[in-house]
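J.: Can you make the complete structure from the sequences, with help from the hints?
Residues in the sequence shown are numbered from 134 upward in steps of one, following my numbering.
To be clear, the hints were calculated from the coordinates, so they are not data collected in a lab. Possibly wrong hints are sitting among the right ones.
Stated by the list, open to error - Pairwise CB distance ranges (calculated):
#, residue 1, residue 2, range
1, 175, 145, 39 to 47 angstroms
2, 249, 178, 54 to 62 angstroms
3, 213, 164, 15 to 23 angstroms
4, 157, 254, 32 to 40 angstroms
5, 215, 159, 18 to 26 angstroms
6, 247, 153, 18 to 26 angstroms
7, 215, 254, 53 to 61 angstroms
8, 171, 201, 19 to 27 angstroms
9, 213, 159, 23 to 31 angstroms
10, 163, 187, 30 to 38 angstroms
11, 145, 208, 50 to 58 angstroms
12, 196, 159, 46 to 54 angstroms
13, 249, 214, 49 to 57 angstroms
Positions of the beta carbon are idealized from the N, C-alpha and C atoms, including for glycine.
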Amino acid sequence: MAELSQLEMLLELEQQRTDKLAQHFSQAKQQLMSEQQRLDGLVQYRLDYLNQLQTRGTGGIQSIQFGQYHAFVGKLDEGVEQLHQVIKKLNQVVEQRKQQWLKQRRKAESIEILIQNKMREAERKRARREQKNLDDFSTQRFIRNKKARLV
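T.: Okay, structure coming up:
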């Protein structure tokens with residue numbers, strides 16, 4: 134039973150680790166979703182800005198203003214590219230944390246299965262002992278009854 138209580142203590146520690154890794158995985162997913170929303174917003178802003186430029190361009194626009202619009206669109210493109218890189222790295226982090234969490238979860242489940250097997254084995258041993266005691270008792274009673282009849 135000491136081994137069983139040690140395994141249960143180990144299981145508790147492994148479940149705590151599993152919970153912590155699940156939390157890290159969840160945080161990484163949240164961060165990825167947040168950055169994806171930022172990217173979507175920036176891409177939409179860029180499209181709106183280009184549409185505004187096109188609308189103003191039909192009415193005529195000075196070359197200085199066009200240069201400023203063009204430079205700003207270039208900055209937006211840089212921002213979009215940077216966010217793509219951030220999202221790419223975050224996808225890797227999310228996948229890495231997912232794998233760590235799954236590995237830890239399998240480890241905790243293995244310990245849980247081991248505990249269940251130990252408990253079943255202990256129950257089988259207890260049942261065998263009980264059956265042996267009953268058999269011994271029955272045998273002794275049979276022998277006593279037989280001796281009593283012979284006397």
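J.: Does the Cβ-Cβ separation between residue 175 and residue 145 fall within 39 to 47 angstroms?
T.: Holds - the Cβ-Cβ distance for residue 175 and residue 145, about 45 angstroms, lies within 39 to 47 angstroms.
J.: Verify the CB-CB distance for residue 196 and residue 159 against the hinted window 46 to 54 angstroms.
T.: holds (51 angstroms)
J.: Do the beta carbons of residue 215 and residue 254 sit within 53 to 61 angstroms of each other?
T.: holds (59 angstroms)
J.: Please test the hint of 19 to 27 angstroms on the beta carbon pair from residue 171 and residue 201.
T.: Since residue 171 and residue 201 have Cβ atoms about 24 angstroms apart, the given range 19 to 27 angstroms holds.
J.: May I ask you to test the hint 49 to 57 angstroms on the CB atoms belonging to residue 249 and residue 214?
T.: Given a distance of about 53 angstroms, which is inside 49 to 57 angstroms, the answer is holds.
J.: Using the C-beta atoms of residue 213 and residue 159, is the stated range 23 to 31 angstroms upheld?
T.: 27 angstroms Cβ-Cβ, so the 23 to 31 angstroms window holds.
J.: When you take the CB atoms of residue 213 and residue 164, is the distance between them in 15 to 23 angstroms?
T.: holds (18 angstroms)
J.: Taking the beta carbons of residue 145 and residue 208, is their distance inside 50 to 58 angstroms?
T.: Taking Cβ atoms as reference, residue 145 and residue 208 lie about 53 angstroms apart, which means the hint holds.
J.: Regarding residue 249 and residue 178, is the given constraint of 54 to 62 angstroms on their beta-carbon distance met?
T.: holds (56 angstroms)
J.: Measuring from beta carbon to beta carbon, are residue 247 and residue 153 in 18 to 26 angstroms?
T.: holds (22 angstroms)
J.: Evaluate the given range 18 to 26 angstroms for the C-beta pair formed by residue 215 and residue 159.
T.: holds (25 angstroms)
J.: Take the C-beta atom of residue 157 and the C-beta atom of residue 254, compute their distance, and say whether it sits inside 32 to 40 angstroms.
T.: The hinted range 32 to 40 angstroms holds for residue 157 and residue 254, with Cβ atoms some 36 angstroms apart.
Violated hints for the displayed structure: none, as all numbered hints are satisfied.
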